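Given chain U, work out where chain F should sit, using these hints.
Residues per chain are reported as follows:
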Amino acid sequence: MIELKQVSKTYTHAGRTVAALRPLDLQVERGEIFGIIGSSGAGKSTLIRCVNLLERPDGGQVLVDGLDLMSLPAKQLRAARQDVAMIFQHFNLLNSRTVFGNVALPLELAGADKQQIAEKVASLLELVGLADKANSYPAMLSGGQKQRVAIARALAVDPKVLLCDEATSALDPETTSAILDLLKRINQQLGLTILLITHEMDVVKRICDKVAIIDDGALVEQGPVGEFFANAKTELAKRFIASTMHLEVPASYQRRLHSNAKASSHPLVKLSFRGDAVDAPVISQVARKFNIDLSIVSAQMDYLGGNKFGLMLVELSGEQAAIQDSLAYFEQHNITAEVVAYVD
Amino acid sequence: MSTDLFPLLLKATWQTLQMVGLSGLVVALFGIPLGFLLHLTKAEQLLAMPWLNRILGTVVNAGRSIPFIILLVALIPFTRFVVGTSIGTMAVVVPLSIGAIPFIARLVEGALLEIPSGLVEAAEAMGASPWQTIRKVLLPEALPGIINSITITLVTLVSYSAMAGAVGGGGLGDVGIRYGYYRFEPEVMVATIVVLLALVQLIQMLGDALVRAIDHR
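Protein chains in written order, with my numbering: chain U, 1 to 344; chain F, 1 to 217.
Pairs of lysine to any residue, SDA-like flavour, derived with a Cα cap of 20 Å:
#1 U/K75 / F/Q45
#2 U/K114 / F/Q132
#3 U/K75 / F/S129
#4 F/K11 / F/Y181
#5 U/K75 / F/E121
#6 U/K75 / F/Q132
#7 U/K75 / F/I134
#8 U/K75 / F/P130
#9 U/K133 / F/I214
#10 U/K308 / U/A242
Simulated from the structure, these hints should not be mistaken for laboratory data. The model shown is predicted, which means the values in this text are computed figures rather than measured ones.
Excised from the complex, chain F in its bound form:
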């Protein structure tokens, strides 16, 4: 045993939490509205703009088809432009966000699809404006589904963030690879896996509890 495990794991966990937390925030901020746009710009929907829908759909698919490890490297110039550097924990937040925004957007689109069209129609019949319908009907009705989408996305971000080591981002995955694999210290590998497992478990439990609390379907 050549490595002091505890401080190493603590630091790595903190880095992972930073990456996932920050990118999670950015992803929710941009990805959820994008999901609404994906849904609402479809023909027959509230803000029907089929041309925009086609563009958004293509962009989102493109974003989702690029493997994260490639995105991480390909985005280096953009990352440098946004955060001033292309290495380190903060720098990973950019590709993480770009990679997960299309992902959550599709999930949110799915959550909105589940709302019966009759509800939107009822709002329309009441004289609701499109914005009122979004705020008072679609958003609250889709909220359990949206929270579920956030949970899934956060878990995905945890797993994406394991690749952060490629650009010096640190985090649990990085420790697992460097110590556990390259330096052949299996106990470090196992320890990072246990922490990752606990983290994902915690995220899922919190998400589920939140959904249970607000879901009245």
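Looking at chain U on its own, in the form it has when it is part of the complex:
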């Protein structure tokens, strides 16, 4: 549905040339939610703005549903843009128009008549749950409501693609979650292809089918979300994944940790369950097989794309040799085991 071929973009600022996008390829299939994650300044915003040519790439091709946007003259590009809707971090609603008026705007631009507009807007406001706010002005709405209006507006002319430029970054976690649910629902109900950029791995984890990491203007790693979480190769990808895991060690426990082994101490082991970890009850098997005790300090498990993924901090106590054997046993079952500290 969206295809970028060797798209590149450089900026010249004060005589210095900065590569915002190095020649990169991207393919987003029909009906999927594709997330691009990156830190600020990595080029993700430039990338998404290249898809509807808000930024015109210096080189390469941008294809949306097979149509080469960069080859289109201004008038046809405007028509093509109706197929590529966009929502923004700061909503970009018109303060001078009511909710109804805002959602009606793209229909007016496309030349729809009053009757069509009234029907379409009503059904869209129903879809995003704001039917009762039709006559309110944006200034009276909360951030989440504003983004819902923006989503309704984006859907007004039945686009093929929805671009989300940090659409939840200005919202609190609860609202973020509701907006993401709405996007997922729209994706499923309307079969709408969604390309989103974000700096939050939680967004990717929650709704994306595929993900790509962008760093310094290049896509460094991409794939289905489950696989990505399971087999992240680059350091950056691992860092983003770690950012979604919230392993907390209580302060009182923290004080008992040492970096060196002593005769009386037990190892604290971080177990990383990857997507290909078997479903076997490895923890209890280890306990029985090697006669050691496992005490779970902290754990988080997620299921992504049908794969189990998670982190666990466990304190192992038992014979020195048995502990070594159990660590090896974890590794055999595709669970990375790493001694992170020793507990008194």
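Just chain F now, with coordinates in the frame of chain U:
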């Protein structure tokens, strides 16, 4: 007391209203579009034409740097060309308009600058043409600011029009100077000031009320 105050003030007020009203109309008609051009021809804007922007900017600055009393006199040949005469109330409308067009243009430019660039971008992403963006996004979004600009300009025109006496234009300022100053009739001076004060107050109040009614920010 040698002057019959009431008919004098009435006539002068009518002249001032004529001058301000007519020039206000001309100023809005030419100055608001000029303000849009000033904004839109900047690099990175909708109708980016940096060379035109530079020319417009220079012309507007030139217009704004000439003191009105000098403009009034300097424009006499042009005024004669446009209205057929260079004296009288109608003749003052020409320099008033020329003097205030650059003024309102800068104010309108400022009002447009306040619109977040994201709105224009959103319109562009929707497939709006530049003209559609101007008509459906910029104009309605800037309307409160534009009305405010008109209010400020009208008040400025009231004060400019006080110099109209220099070319026989009459009006409140003229009466104040001729009767109040030259003939030393302080009560006439005070009376014109009171009327001017009331006029400016009224313009500002109407402008503010209008802005309040349409502003949903």
